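Asker: The listed protein sequences derive, respectively, from chains A and B. Under this note's numbering, the first sequence has 178 at position 178, and the numbering climbs by one with no breaks. Under this note's numbering, the second sequence has 76 at position 76, and the numbering climbs by one with no breaks.
Do not take every clue at face value.
Within a straight-line C-alpha distance of at most 20 Å, the following computed SDA-like cross-link-like pairs (lysine to any residue) qualify [what the hints assert, rightly or not]: (1) 86/B / 92/A; (2) 142/B / 86/A; (3) 86/A / 64/B; (4) 125/B / 195/A; (5) 48/B / 195/A; (6) 125/A / 125/B; (7) 155/A / 156/B; (8) 48/B / 57/A.
Listed next, the stretches of chain A that the computed footprint assigns to chain B, with coverage defined by at least 3 CB atoms under 8 Å from CB atoms of chain B [unchecked claim]: (9) 57-70; (10) 83-97; (11) 111-117; (12) 144-153; (13) 203-212.
Hints in this document: simulated from the structure, not taken from any laboratory. Bear in mind that the values here come from a model prediction, so they are computed numbers and not experimental data. For every residue, glycine included, the Cβ atom is placed at its ideal position computed from N, Cα and C.
2 protein chains.
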Amino acid sequence: MRYELYYWPSIQGRGEFVRLALEEAGADYDDVARRRGAEALMPFLEDKSLARAPFAPPFLKAGKLVIGQTASILLWLAPRHGLVPKAEAARIWAHQLQLTIADWLVEVHDTHHPIGGAFYYEDQKPESARRAAHFTGMRLPKFLGYFERLLAQEKGGWLLGRSLSYADLSLFQVIAGLRYAFPRAMARLEPRHPRVAALHDRAGSRERIAAYLASRRRIPFNQHGIFRHYSELDA
Amino acid sequence: MRYELYYWPSIQGRGEFVRLALEEAGADYDDVARRRGAEALMPFLEDKSLARAPFAPPFLKAGKLVIGQTASILLWLAPRHGLVPKAEAARIWAHQLQLTIADWLVEVHDTHHPIGGAFYYEDQKPESARRAAHFTGMRLPKFLGYFERLLAQEKGGWLLGRSLSYADLSLFQVIAGLRYAFPRAMARLEPRHPRVAALHDRAGSRERIAAYLASRRRIPFNQHGIFRHYSELDA
Numbered sequence: 001m002r003y004e005l006y007y008w009p010s011i012q013g014r015g016e017f018v019r020l021a022l023e024e025a026g027a028d029y030d031d032v033a034r035r036r037g038a039e040a041l042m043p044f045l046e047d048k049s050l051a052r053a054p055f056a057p058p059f060l061k062a063g064k065l066v067i068g069q070t071a072s073i074l075l076w077l078a079p080r081h082g083l084v085p086k087a088e089a090a091r092i093w094a095h096q097l098q099l100t101i102a103d104w105l106v107e108v109h110d111t112h113h114p115i116g117g118a119f120y121y122e123d124q125k126p127e128s129a130r131r132a133a134h135f136t137g138m139r140l141p142k143f144l145g146y147f148e149r150l151l152a153q154e155k156g157g158w159l160l161g162r163s164l165s166y167a168d169l170s171l172f173q174v175i176a177g178l179r180y181a182f183p184r185a186m187a188r189l190e191p192r193h194p195r196v197a198a199l200h201d202r203a204g205s206r207e208r209i210a211a212y213l214a215s216r217r218r219i220p221f222n223q224h225g226i227f228r229h230y231s232e233l234d235a
Numbered sequence: 001m002r003y004e005l006y007y008w009p010s011i012q013g014r015g016e017f018v019r020l021a022l023e024e025a026g027a028d029y030d031d032v033a034r035r036r037g038a039e040a041l042m043p044f045l046e047d048k049s050l051a052r053a054p055f056a057p058p059f060l061k062a063g064k065l066v067i068g069q070t071a072s073i074l075l076w077l078a079p080r081h082g083l084v085p086k087a088e089a090a091r092i093w094a095h096q097l098q099l100t101i102a103d104w105l106v107e108v109h110d111t112h113h114p115i116g117g118a119f120y121y122e123d124q125k126p127e128s129a130r131r132a133a134h135f136t137g138m139r140l141p142k143f144l145g146y147f148e149r150l151l152a153q154e155k156g157g158w159l160l161g162r163s164l165s166y167a168d169l170s171l172f173q174v175i176a177g178l179r180y181a182f183p184r185a186m187a188r189l190e191p192r193h194p195r196v197a198a199l200h201d202r203a204g205s206r207e208r209i210a211a212y213l214a215s216r217r218r219i220p221f222n223q224h225g226i227f228r229h230y231s232e233l234d235a
């Protein structure tokens with residue numbers, strides 16, 4: 001089946017977690033809005049007669065099924081492409097990790113948008129400075145420490161043990177983004193979290209992921225996405 | 001099976017979405033920390049040797065399985081208790097709605113904690129005023145409008161049509177919380193969203209839910225939870 005992925009065409013954002021899974025799977029997919037522009041998303045978001053429409057991008061069209069919410073897309077996609085073990089306990093664990101990563105991502109976003117997405121960063125700079133200091137000082141070490149501890153308990157270097165799952169790809173993406181957004185904080189924290197750093201490097205060097213990262217399909221990090229580099233926020 | 005629910009004992013919070021599902025199901029469960037105090041949660045959060053430990057409450061213990069993340073708990077629990085249809089497309093849709101409600105909930109929380117959970121509301125009042133104005137002015141109508149539109153498309157008054165699902169119980173809880181936290185904004189907005197208001201009232205009057213709400217098991221809304229009433233934030 002040829003999947004259709006719908007997401008904003010100019011940022012990695014939440015869509016990137018789906019892209020990475022599709023790429024690792026070698027799945028056939030059309031990143032629709034990158035080809036046709038952001039207006040390709042609009043029928044799904046603005047057509048009031050569309051039944052069971054998603055609230056926001058990303059969403060994945062698989063035949064007649066339209067699935068929204070990043071974690072929900074991955075929950076559906078992963079078992080079809082060997083990106084999660086078959087056992088139910090493992091699947092629910094991978095999903096739980098994805099949801100924790102989603103929570104982490106909200107906190108990253110809020111470092112530069114604590115007052116809300118409707119205002120520019122420039123209109124919430126003092127608030128961002130406070131929130132980012134709290135993030136790099138308290139929350140970032142807590143999340144990194146959690147995943148470091150999980151990796152220390154598993155044999156094999158992946159979050160679910162010996163085989164890569166979509167949760168590993170998602171953790172890769174968060175670490176890549178944090179290195180872009182908070183290089184000073186990450187340079188300070190990574191030596192204390194060697195397993196997380198190693199997972200990033202190992203996931204990023206897998207054949208299909210490395211090819212994807214080197215391709216034009218990978219949108220570079222930029223100042224419009226979730227991960228943004230503002231030097232003044234990187235304490 | 002007797003479930004064990006672990007969540008902070010003094011607030012409804014995220015645990016309440018699980019409690020409502022357990023109550024509607026008539027499931028046998030122990031709300032552990034309400035009986036034994038918050039220290040009952042600590043082994044799961046602080047024992048560094050515990051394998052695959054949750055990041056944060058709530059979590060549900062079902063035999064040997066420990067499941068964290070509210071949406072993930074409900075995903076696992078609902079099909080075992082008839083709180084979601086059997087068809088895969090319906091299950092993934094209910095889950096997607098739950099994740100959208102989870103996003104909404106984060107935005108509610110951030111109206112009084114835009115700078116982060118480590119600071120008291122009193123230490124982030126100006127930031128909260130800005131964020132809350134954006135929430136009640138823009139985001140709240142967007143979320144309410146989305147769910148109103150979904151309900152208008154379904155026959156039967158529930159989010160998945162003719163039968164109640166856990167997504168309905170979660171929407172009930174959000175509306176109840178919003179009425180407590182933002183009575184003025186809700187009084188203004190509810191007449192434009194009659195189906196959402198009707199769903200709240202109908203879910204709340206179901207036999208088991210009504211009995212639960214009237215019992216001491218239901219923790220009252222208070223100024224420590226996600227839904228808080230600060231008159232100055234209710235524009």
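Asker: Determine for every hint whether it applies to the structure shown.
Answerer: Taking the hints in turn, this is what the structure says about them:
1. 86/B / 92/A: Status holds; Cα separation ~18 Å.
2. 142/B / 86/A: Given pair residue 142/B, residue 86/A is violated - Cα atoms ~38 Å apart, limit 20 Å.
3. 86/A / 64/B: With a Cα-Cα distance of about 18 Å, the restraint between residue 86/A and residue 64/B holds, given a limit of 20 Å.
4. 125/B / 195/A: Outside the cut-off at roughly 39 Å; violated.
5. 48/B / 195/A: holds (16 Å)
6. 125/A / 125/B: holds (16 Å)
7. 155/A / 156/B: At roughly 50 Å apart (the allowed maximum being 20 Å), residue 156/B and residue 155/A break the hint.
8. 48/B / 57/A: Judged against 20 Å, a Cα distance of about 37 Å means the pair is violated.
9. 57-70: As far as the region 57-70 of chain A goes, the hint holds, because 4 residues have Cβ atoms under 8 Å from chain B.
10. 83-97: Three-residue rule met by the region 83-97 of chain A, so holds; n is 5.
11. 111-117: As far as the region 111-117 of chain A goes, the hint holds, because 3 residues have Cβ atoms under 8 Å from chain B.
12. 144-153: holds (count 4)
13. 203-212: violated (count 0)
Going down the numbered hints, you'll see the structure goes against 2, 4, 7, 8 and 13, while the others check out.
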